[in-house]
Every structure is written in C-alpha cells, then in structure tokens.
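Chains A and B, in that order, are what the protein sequence lines are. The first sequence begins at 8 in the working numbering and counts up by one. The second sequence begins at 24 in the working numbering and counts up by one.
Label-pair ranges, simulated between beta-carbon atoms:
{"no.": "1", "chain 1": "A", "residue 1": "GLU169", "chain 2": "B", "residue 2": "GLU51", "range": "47 to 53 Å"}
{"no.": "2", "chain 1": "B", "residue 1": "GLY97", "chain 2": "A", "residue 2": "GLU283", "range": "47 to 53 Å"}
{"no.": "3", "chain 1": "A", "residue 1": "GLU371", "chain 2": "B", "residue 2": "GLY97", "range": "42 to 48 Å"}
{"no.": "4", "chain 1": "B", "residue 1": "GLY117", "chain 2": "A", "residue 2": "GLU310", "range": "19 to 25 Å"}
I should point out that these hints are in silico values taken from the structure, not numbers from a laboratory. Think of the CB as a built atom: it goes at the ideal place given N, C-alpha and C, for glycine as much as any other residue.
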Amino acid sequence: MAKKNDKKEIERLRRENEEYKKLIEEMSEGFAYLEEDLTFSFTNPACDSLFGVPEGGLMGRKLEDFLSSEAAKDVRKKIRTKKKNKKNVFEMEIKTGDDKRGYLLIRSNSQLDEKGRFAGSFVFFYDITKRVRMEEELIFERGLLDSLLSTIPDHIYYKDKESRFIKVSKSLAEWFGMKSMDELMGKSDFDFFTEEHAKPAYEDEQEIMKTGNPIEGKVEKETHPDGRITWVSTTKVARYDKKGNIIGILGISRDVTEKRFWEIEREEKMEAQKEELIALSTPVIDVWEGVLTVPILGALDSERASRVSEHLLTQIVRKRAGIAIIDISGISAVDSAVADRLIRTAKAVRLVGAEAILTGVGVEIAQTIADLGIDMGGLKTMSTLKDGLRYVISRKKMSVEEEKNG
Amino acid sequence: MARLTCMHLGEILVVPIQEELHDTAAEEAGEKIIREADNSNIKGVAIDISALDIVDSFLGRLLQKIACGLRAMGKEVILVGIQPEVAVALVELGLYLEDITTAFELDSALEKLREMINEDSK
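Modelling step: build the complete structure from the supplied sequences, incorporating the hints.
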C-alpha cells in the first residue's frame, strides 16, 4: 500500500517537474541560474535568444562576457548581494553574441549558502531595448528642440487654444526683456503689446485654429506699450494632437524692423518722385492773367489722370484762375475711361469756380467721344490750343473794354 | 446743433458753412437758409463751403436741393470755395451741380451774384 503510494507520489512529482520545466522553457522572459562566479548553469530558450546565442549556448559562459568591463564590475556587485528576498532590480546594457547592443532589465534573487554567503542567483531578464532606444531618441530630439529654441534668432513660440504662450524660444524671451523662457508661460501678446497689435494677432490665431489654414510670411506691425514700433514677418500654423484635433498655435516670427523702415523710406521717396514726375509731366502754365493752360502729354492711365486732375485743381484754386485750358493734343490715345476722366476733371474745374476749356480734340478723339456716346455736358471744346487761346483773349478783351466803358 | 449764421449784405444773403453737417443738422440748416431767403429784399444767396474738406453724397444732394428751392423762389444762387478734393468727390458721386454758378471766394462770388441780379432786373 505504502509502495503504491510512493509510486504515485513519484509520478506526481515527476509530472510536476515536467510542467515546471515546460513553463520555464516556454516563458517569454529570459530565465537563468547564475553560479557564484556568475557562470550560467541553467538557461531557458528565451534567455539564450536575449543574449543572441543558439539554444544552450550560454551554458558555461560568464555573464561578464556580455558586458563592458565597467558595467561588469557594477553588475557583479549588484547581483552578488547577500540580501535575500529584497527586490533586486536594475538595468544593464549588453553586447549580444551576434554583436548587437541590447538593454535588459534584471531581477535577481540571491541564493545564500548555509553560512550566509552568496552562492548563486535565479535571474529573470526582460528585453527593454525598444524602450531605451525610444528614450534615447526622445532625449536626442529634445536636445534638437532645445538647441533650436535656445539658439535660433527667430522668435519661435507655442501657444495654447487661448493664445497663451506655453513654450517660447530664448530669442523671444529676450525680445520681451525676460530673463528666462519660463517667465512667459501663460502670458499672451496682450501682456507685451498694445491692443493695436495684440488684438489682430489674437484674431488671426483664433481664425487659424478655427479653419486650420496657416498664415505665411505676414508682415506685422508690433506696437509696444512704450511707443516703440517693430515689424516682424510671421508664419503661424495650427498644432494638432495625435487624434488630429487642433490644440494650439506654432509660430515663428522674424524681426524685419530694419528692412521695413528701409522699405518705408524707399516707398516715401518713390511717392515723392512720383509727385515730382506728375508735376513735371503736367506743367500748369500761367498764360494770361487768370488763365491757366495744362498740356497733357503721353499716355494717360486712370491713376495718372486722377493725379493730373488733383494737381490742376489745386493750382487753379491757388492761382485763382478763372479759366483753365486743358490741351489734350499730346495724348496718344483716348479710351472711354480716360475720356470720362477728362470730362470729370473739366466738371470739377467748374465746381471750384473756374471755366474749363478742352482743346486739342483731334478727329480721332472726337470720333472716340462720339462712338462712346460720352455726354460732354456743356463742356466747351476747341479743336486746337490756338483756338482756345483766341477765344480766351477775345473774352478777356471784351471784359477789359466793358470795364473801360463801364 | 451746429449754429448757422446768415449774413445780410444788402440784397444778398451770405451763408458760410463752417463745419461738416450730417443728416438732421444739414436738413435743418437747409430749412434755415430757405426761411432766411424768404424775404423780398433778398435777391441772391451765396453759400460758402470753403471750410469743408469733405462733402458726402447726402450734403452734396442737399446743396443741390437748396439751390433748386432758392431758384424756384426767384433767387440767384452761387456756391463759393469748393475745395479741389471736394470738387473731385462731388464729380465722382456724379453730382456735377451743373446749373449752379460757382466762385473761388466770397469777393468774386458777390461780384458775380450782383451781375446776375442786374441781368435779371434788366
């Protein structure tokens, strides 16, 4: 009876043993037993594959074979601890049998002999290469980002949905007179600029976050509370989270103040030159007491026409000229817009208190006017400047004689 | 309301418009001019707008209306001192005011007005 029981017991133990072995062999974690000198004396297939050796290839080799000399010292110390039942978990870098770098997380359970000395260890290995690589990558990218934010002179800023700064470049912090980038956190344009700039910038950003459409290279005028004016060229885009929702703004602005002031100066100069050119190309000649003549030469586009008419009207009023002769014999072509403009000018001349006479209306222009059916509105026209002058002189004579007689 | 001062110079009523007039103020000014001119001694009215830099379409049309009304009452009308910018603006608005006589300044306006009145009485 007892024998039968023993047999059963042995059978049970054998089966249990088989099951444990199977469990260990099929485990995805690496499992090994390390002798007192850290020689592998048992490994499961997962452990072999972690170390990059064929199955059973670890037997008799030392853990140190896979470590750099510095790491070996450290690892030996950590594994050969006499503290039992204490969580002994750490990470190490290994060079695998097939010459790759890998990272393992180790959980070691020290075994002590009866005298309390370290006798060996059951060790679990977990592959953490992927995680470590990702961390390394993150650190690397973080470094890239940091170097970008701390060195690039352009102003870079991340804003949240309410257009508050959440991260800015050093250059922007300095631009705002702050010592560190952190001082800007949670502040917005309204804290640094006057409403004149802060408001449209805020509206731009809200629009970008609504539509997702970026702003590129927009030249913005920045007005500071101390009255300073600066100009920047700004590009702003929406920031998205992983799900594709817009969560804020990323912007980059370049200081173009100097360039802009130079441009403004140039524009002003050009404007002044344009004025001069108009005055030069449209001489207003005092031909007689109270009689002005304006010969219009060259092509008359509508921009030039309106400037000519302004110039003429100003001169008429300044000189109190009763009669203005507009001579168009020098005009190369007249289209409907120009003809219309000329007639409007003549009508404006009458409004300020003078009489306008249009001379030099040649056959071609007369035909254009007739074809276009333009209403001359009682405007006096003469075919040549000579006729115009003759008419004016005769009228002047009349009034002089009238005065004498009167 | 803007104060509108009308000056009587013999048979001529001089109305200087000193500031921009809008809507009701303009209409009231128009009425006042007509009422002041409703006097058999007044033969002509000179409206001086030389102080105005801007004339909008409303005021432009109102000027035309006033002139028309005065003309209907048998008065001569002259517009004085239309600034170049104003002239350009009026023309752009299509307000040529073709039947209203114009003058640079009050002196010549009064002269012209007297001539016109004399013509009438001939």
